[in-house]
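*Asks:* Sequence:
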Amino acid sequence: MEAQKARRPIEIAAAESAKLFSFKHGNVQIKVTHWSELVRGKVSSHCMVLASKLWENFIFDPTKNQGKSKKPQCEKEDSIEPRWETQTHKSQRVERQDPTSENGKQETLRRPVKEVDFRDNDSEALLVLLRIAHLQYNDVPTTLTYKTLLDVAVLCDRYNCVELVEPWLSQWLSDEEKSWKEAGHENWLFIAWVFARDKVFSDLAARMVREATTNDDGKCLTSSGAEVSGPMPPKVLERIQEVRKELIKNLLEVPYSRLDRYESTVASICSRPGNREGCDAAIYGSIARGVQKAGLWPRKQAEDIHMSAKELATRVKDIRIYAPYDSYSNQYCGGPGFWDQIPNILSAVPSPVLDLPRRHMM
1 MEAQKARRPI
11 EIAAAESAKL
21 FSFKHGNVQI
31 KVTHWSELVR
41 GKVSSHCMVL
51 ASKLWENFIF
61 DPTKNQGKSK
71 KPQCEKEDSI
81 EPRWETQTHK
91 SQRVERQDPT
101 SENGKQETLR
111 RPVKEVDFRD
121 NDSEALLVLL
131 RIAHLQYNDV
141 PTTLTYKTLL
151 DVAVLCDRYN
161 CVELVEPWLS
171 QWLSDEEKSW
181 KEAGHENWLF
191 IAWVFARDKV
201 FSDLAARMVR
211 EATTNDDGKC
221 LTSSGAEVSG
231 PMPPKVLERI
241 QEVRKELIKN
251 LLEVPYSRLD
261 RYESTVASIC
271 SRPGNREGCD
281 AAIYGSIARG
291 VQKAGLWPRK
301 QAEDIHMSAK
311 ELATRVKDIR
321 IYAPYDSYSN
331 QYCGGPGFWD
341 QIPNILSAVP
351 SPVLDLPRRH
361 MM
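First residue of the sequence shown? That's 1 in this note's numbering, and the numbers climb one at a time after it.
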């Protein structure tokens, strides 16, 4: 769709765009912003009701949605002939004698609104949903760009109509394993959350824990240095930042705890016969110098680290120990291996999304 957009002129005739958003048996007018132009179309209230309960409310009982953000704005219609329904909404119930009913039985009518305002919805994504709702399956695209897929996910979440698009998900998400890994595609977290892609959701969140950088305010940044924005599942960024902070704290503890061991005692750490003091001094000096070269001196707190946890792990692993013997001996010169702790720390990182609510996960 983006390729098509680039080929089309900026000024599109209103009539042409109106045709896109006008459907058979349309009895409710809609307003859409399409190509920066106001477009008016018509939708079938019957199709909209079947597609989404929220659309039903917007069209037949807009008072149910008052106070909710990002709702379409509705104007009540007095001239449109209402259709018969067995279910009613008290706020728009109209009773009249149905001349065809037996014994003059009274029936309950619902009168649709005159117009629904969808101008704050992405028009391409909205058109996809409207075509599905109005059974225009041949006009539904089999592939979507990342942006359009994200916009469709936003509307499916907003109008609670994921089931509407389920028959197309296998095609739309066929390249998900490649797409979510691309730079700048952090909002795949939202797509995966909406469309129940549990593995993508977990894997991308875990990667962001390892690879996300932050600005001075502690906000997560993309690979290009921009602040992560756009739709995200509830609390997921906060949780990613919490797990990232704990991971960085554990990585910093590797060199700092070793320095603390030497600084907290005057007794020799090295137990190897020979020049123990010299061994201690060499190892302590190596770590202190390595920490300085890594940009971790003066000592940092986790919130002071803006590089990724992955980069920090590499810097800590690059600290070299210069011992007076042929090798830095775990047995004699300080206990557990200095570098061996890094992979253990990285492998022990908990899932940042394990305890988060999965609204759409199946």
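To be clear, the hints were calculated from the coordinates, so they are not data collected in a lab. Take the hints with a grain of salt, since some may be wrong.
What the hints assert, rightly or not - When the alpha-carbon atoms are kept at most 25 Å apart in a straight line, the in silico DSS-like pairs for lysine-lysine are as follows:
no.	residue 1	residue 2
1	293	310
2	53	31
3	245	235
4	147	199
5	181	147
6	310	245
7	249	235
8	310	249
9	147	114
10	114	42
11	235	293
12	245	147
13	199	181
14	219	310
15	249	317
16	114	219
17	24	114
18	300	310
19	219	245
20	219	147
21	199	114
*Asks:* So, against the hints stated earlier in the document, which numbers end up violated here?
*Replies:* Numbers 9, 11, 12, 16 and 21 - these are the hints that the structure violates, sorted from lowest upward.
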